[in-house]
Amino acid sequence: MILVYDGTFEGFLTVVFECYSRKLEPTNICSEKNLQEILFIGKEYITTVTSHSDRVWKGLQQKLSKELNQLPYSAFLSGEMDVLMVRKAARRVMKEAMRMLEFIRFQRTLDDIYFAPISPDYDVMPMTLKHLKERFSDQLWLVYDLKRDYGFFYNLKSVEEVTLNEKSFNTSNGAVPLNLLQEEEAVYQTMWKGYCQNITIRERLNPKLQKQHMPKRYWKFLPEKR
Amino acid sequence: MNETVQEKLNILADAAKYDVSCASSGNNRGNTNGGIGNTLNCGICHSFTDDGRCVSLLKVLMTNHCIYDCAYCINRRTNDRPRATLTVEELVDLTIGFYRRNYIEGLFLSSGVIKNPDHTMERMMLVAKKLRIEERYNGYIHLKAIPGASPELINEAGIYADRLSVNIEIPSNPELKRLAPDKSYKDIYGPMNLIKDNILVNKEERQKFRHTPTFAPAGQSTQLIVGATPESDRQILSLASDLYSGQRMKRVYYSGYLPVNEYDQRLPALKTPPLVRENRLYQSDWLMRFYRFTADEILTSDQPFLDLEIDPKLAYALRNPQLFPINVNTDSYHMILRVPGIGVQSAQRIIEARKFRKLTTQNLTKIGVVMKRAKYFIISNELPSSVFDLPSETLRRQILLSEKPKSKSQPDTQLKLFSFGEVIQLPAPVSSPNKILTA
Chain D
467 MILVYDGTFE GFLTVVFECY SRKLEPTNIC SEKNLQEILF IGKEYITTVT
517 SHSDRVWKGL QQKLSKELNQ LPYSAFLSGE MDVLMVRKAA RRVMKEAMRM
567 LEFIRFQRTL DDIYFAPISP DYDVMPMTLK HLKERFSDQL WLVYDLKRDY
617 GFFYNLKSVE EVTLNEKSFN TSNGAVPLNL LQEEEAVYQT MWKGYCQNIT
667 IRERLNPKLQ KQHMPKRYWK FLPEKR
Chain W
5 MNETVQEKLN ILADAAKYDV SCASSGNNRG NTNGGIGNTL NCGICHSFTD
55 DGRCVSLLKV LMTNHCIYDC AYCINRRTND RPRATLTVEE LVDLTIGFYR
105 RNYIEGLFLS SGVIKNPDHT MERMMLVAKK LRIEERYNGY IHLKAIPGAS
155 PELINEAGIY ADRLSVNIEI PSNPELKRLA PDKSYKDIYG PMNLIKDNIL
205 VNKEERQKFR HTPTFAPAGQ STQLIVGATP ESDRQILSLA SDLYSGQRMK
255 RVYYSGYLPV NEYDQRLPAL KTPPLVRENR LYQSDWLMRF YRFTADEILT
305 SDQPFLDLEI DPKLAYALRN PQLFPINVNT DSYHMILRVP GIGVQSAQRI
355 IEARKFRKLT TQNLTKIGVV MKRAKYFIIS NELPSSVFDL PSETLRRQIL
405 LSEKPKSKSQ PDTQLKLFSF GEVIQLPAPV SSPNKILTA
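Which chain is which? The protein sequence lines are D and W, in order.
The first sequence runs contiguously to residue 692 in this note's numbering.
The second sequence runs contiguously to residue 443 in this note's numbering.
Don't take every hint at face value.
Derived EDC-like pairs: lysine to aspartate or glutamate, alpha-carbon spacing no greater than 16 Å straight-line [unchecked claim]:
| no. | chain 1 | residue 1 | chain 2 | residue 2 |
| --- | --- | --- | --- | --- |
| 1 | W | K275 | D | E669 |
| 2 | D | K659 | W | D54 |
| 3 | D | K674 | W | D73 |
| 4 | W | K187 | W | D73 |
| 5 | D | K596 | D | D615 |
| 6 | D | K691 | W | D55 |
| 7 | D | K509 | D | E498 |
| 8 | D | K691 | W | D54 |
| 9 | D | K659 | W | D55 |
Restraint ranges, calculated between C-beta atoms of paired labels, are given here [to be verified]:
| no. | chain 1 | residue 1 | chain 2 | residue 2 | range |
| --- | --- | --- | --- | --- | --- |
| 10 | W | P325 | D | D472 | 32 to 38 Å |
| 11 | W | Y337 | D | M467 | 16 to 22 Å |
| 12 | D | P673 | W | K359 | 40 to 46 Å |
| 13 | D | E627 | W | Q352 | 50 to 56 Å |
Where chain D lies over chain W, by a calculated footprint (3+ residues, C-beta under 8 Å) [claimed, not checked]:
| no. | region |
| --- | --- |
| 14 | 15-22 |
| 15 | 97-106 |
| 16 | 272-279 |
| 17 | 373-379 |
What the hints contain is simulated information worked out from the structure, not anything from laboratory work.
The beta-carbon is built from N, C-alpha and C at its ideal position, and this holds for glycine as well.
Make a model of the complete structure from these sequences and hints.
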């Protein structure tokens, strides 16, 4: 499939946004004026949406250092920006979102909320909500992005964006004081840690592979690795 | 939940670790109103143990007591080890407690055989039943079917489970009988055939009646232990191939033999598990499942063992020089898939992209082809063709040398000595996308 945009930088960023959110893998991205009709290949016109392009731009800015933050724009202007770049960027964001589904860990608090702190590299939390809502539909939960200081709370009906002014947890690793957690919480965490240790085959240790699949930056949130 | 449950869990996780399967894939089960959990077709890993393996499921034995005395099994009756049994309730609570915290995708329950196969199978089935009905749990359940259990119990287990499996363990019947006098292929293929037939019948019924409950919708799998007995790789792959076609297995797992019962004279003394061989078998398995290779193409009767130095796809290419080079701009998808250095995704992209233009080396690199390897086997729009005249043995040596991993014992300078023979890579495009985003 070919994605066609209006030729502006905003339009291009909107295409990036669409690729993330709809998991598109276009074979090419083309501005209207460069489009050549090719038989058998579907094409889709992407209308520029400023709020979408803004989000992508903001995300890029968070990732880039001061000297480099205009680079995507200049690359775009230079015409070097191509489908491969978008594909790679999209893949990285998808991967991070996937890792949220893998590595967020809920702790059950005294007020019966399952709380998961996390600090993803990209602002991917919104991409995980559908999954979490479907899966944990009968429990109250709160996922909180420590890096961006906002989160999402599920109240058994809907998911709402929240920012907590006063935090009863550690803002760097999300640890909750024991007296605010259910009694069973420590037991489950210990059991899980013991489980992970005992399921390991000592004759086959491979810490490099482990870190490759589960980068160390997530470890502070994982009971089995604390 | 108390300390004893924790101790039991530690013992029974340790006892279950030799089962390599941990897949939670193969089924999309939605959550129900007021229920908990769902399953995703792709499966999710939730952790990785220190040996680098994915933890997707709570993989645990119901009990490690066993009436059998199989030579290759850590839980054999005559071993003096700590033993434990988890109750149905304890297993249900553990599964739900772990699931709600996003530790796991579900439960993989196996077991030693206590009293008799029926008694064991019934308790395992009850765990799944209680999870589904009382806890309204819709996450993943993988149950082991116990050979010798009654068809009724296995049928009921399949209604609650996503996947059922029976492990073959030893890749030939005479060797199995030698190491496990209480077992035979007949006992193992019994439940396996039953599960296969049930899955087929269930699929048909569900086409007619939409509300028929599913039966093991994620299919069945099995495991073969490699290196405990003298079977050749060719024998193992041909067995696996039969299991995929005849038994419609979703997965066959290969487990490099770990000397768990060193004292048993019937087993070979191995210093380390045959990990490379295991890896080569998995690669061959992939070739059969995704690259349209047959077992006979991977290993021939005069070469019954896999080459440990090079992967089976490269070995095939070197053995069959008459098939290469492949022209990426004109040859079929099927042939492009056979090129070392081109994966399924790259092959698909080549087919898509060549509709637009004649593909060059640079295009291929961008598509994701590993040119370092593929260059010996393909023609693109501009590649020199001299490399194709190399004899297989020379080519093999050249590839091995050029891909040797850099290690401490092998200083860089030495590697450089060998790299002069390589085709010079074209320079990368000016604004490499990687650099932009990772800067």
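Open item on the list: Quick check: do three or more residues in the region 97-106 of chain W have a beta carbon closer than 8 Å to a beta carbon of chain D?
Closed with: holds (count 6)
Open item on the list: Tell me if the straight-line CA distance from K596 (chain D) to D615 (chain D) falls inside 16 Å.
Closed with: violated (20 Å)
TODO: Take the region 272-279 of chain W, compare each residue's beta carbon with every beta carbon of chain D, and decide whether three or more fall closer than 8 Å.
DONE: Three-residue rule met by the region 272-279 of chain W, so holds; n is 3.
Task: Whether chain D covers the region 373-379 of chain W (at least 3 residues having a Cβ closer than 8 Å to its Cβ atoms) - done: violated (count 0)
TODO: Compare the distance between the alpha carbons of K187 (chain W) and D73 (chain W) with 16 Å, and conclude whether the hinted pair is satisfied.
DONE: Holds - the C-alpha atoms of D73 (chain W) and K187 (chain W) are around 10 Å apart, at most 16 Å.
Task: Holds or violated: K275 (chain W) to E669 (chain D), with C-alpha atoms at most 16 Å apart - done: holds (10 Å)
Open item on the list: Range first: 40 to 46 Å. Now tell me if the beta carbons of P673 (chain D) and K359 (chain W) are that far apart.
Closed with: holds (45 Å)
Open item on the list: Would the hint linking K509 (chain D) and E498 (chain D) be met if the CA-CA limit is 16 Å?
Closed with: holds (11 Å)
- [ ] With 16 to 22 Å as the target window, see if Y337 (chain W) and M467 (chain D) comply at their CB atoms.
- [x] For M467 (chain D) against Y337 (chain W), whose Cβ atoms are near 19 Å apart, the range 16 to 22 Å holds.
Task: Straight-line alpha-carbon gap K659 (chain D) to D54 (chain W), limit 16 Å - done: Distance ~12 Å between K659 (chain D) and D54 (chain W) Cα, so the pair holds.
Open item on the list: Please check whether the region 15-22 of chain W has three or more residues whose CB lies within less than 8 Å of a CB on chain D.
Closed with: holds (count 6)
Task: Pair hint K659 (chain D) and D55 (chain W), alpha-carbon separation not exceeding 16 Å - done: Holds, at roughly 15 Å.
Comparing the model with each numbered hint stated earlier shows that hints 3, 5, 10, 13, 17 do not hold.
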